[in-house]
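Using the sequences provided together with the hints, build the complete structure.
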Amino acid sequence: MSTNTEGIYMSDFSGNTIFGNLKQFSKLNEKKTINTELFIQACKDVTALLDRLGAQFSIAKKDMLGNVKRIEERFNTNKSQYTTLNSIMEEDSKDSPKGHTSAIVGILWLKRGLEFLCAILDGLLKAYEKKVIDDNLRPIILEAYEKTLKPYHGMVSKFLFSNLTRLVPSKSNFNKALLLREDATNEMLFKDISLYLENFKDNLELINSLFVQYGLNLEESSK
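In case it helps, UniProt numbering puts the sequence shown at residues 1 to 223.
Read the hints as simulated data drawn from the structure, not as lab findings. Warning: the hint list may mix true and false statements.
Okay, derived cross-link-like pairs now, EDC-like style, lysine to aspartate or glutamate, Cα gap no bigger than 16 Å in a straight line [what the hints assert, rightly or not]:
#1 K27 <-> D183
#2 K111 <-> D63
#3 K69 <-> D45
This is the structure in structure tokens:
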């Protein structure tokens, strides 16, 4: 039985959706640390969701991958020292109390982008569980944006994002884009989404707590 990450096995997924092919976010250990290398791989893979939303989100994907690169560059300077994301954040909190280092800014904006994607998946899952008939994906995207990225964006970014969301596919077409087989069902899809979200949410919650623990300022960086 092969495992994609600690605690979640590939066989736990249906094999009929993209989620079994994505590098999973690691299950948190007792020490509450995040393996840097595995986190980087998972972050790169999850941006595939933006491809499914449409070409208009290519800039957002490029931005997220740019922030992943900031973390990866720090990791590559000393892999043995920066085995965990915790170690990077702790060191940078000492060197720059406000967290204005390339790696911390990268983690901060990447976290916000990840929270946006997580909120989309969570919104889709809740709509499915509530048997919502509306096939319009835009309200879910806008709600996810309101909760995550919007507070940190300037007027221009907010205006551009609102217009971009008018081009998103329908909910049913987006769901189909997440399937690997024509005979795959929504039941399979949302079971996989639910499983994928478990570690995804836990990782984001821990990162938020690390910003607080190390006294790093989350609110000053906005676009």
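The hints, checked one at a time:
| no. | hint | in the structure |
| --- | --- | --- |
| 1 | K27 <-> D183 | violated (30 Å) |
| 2 | K111 <-> D63 | holds (12 Å) |
| 3 | K69 <-> D45 | holds (13 Å) |
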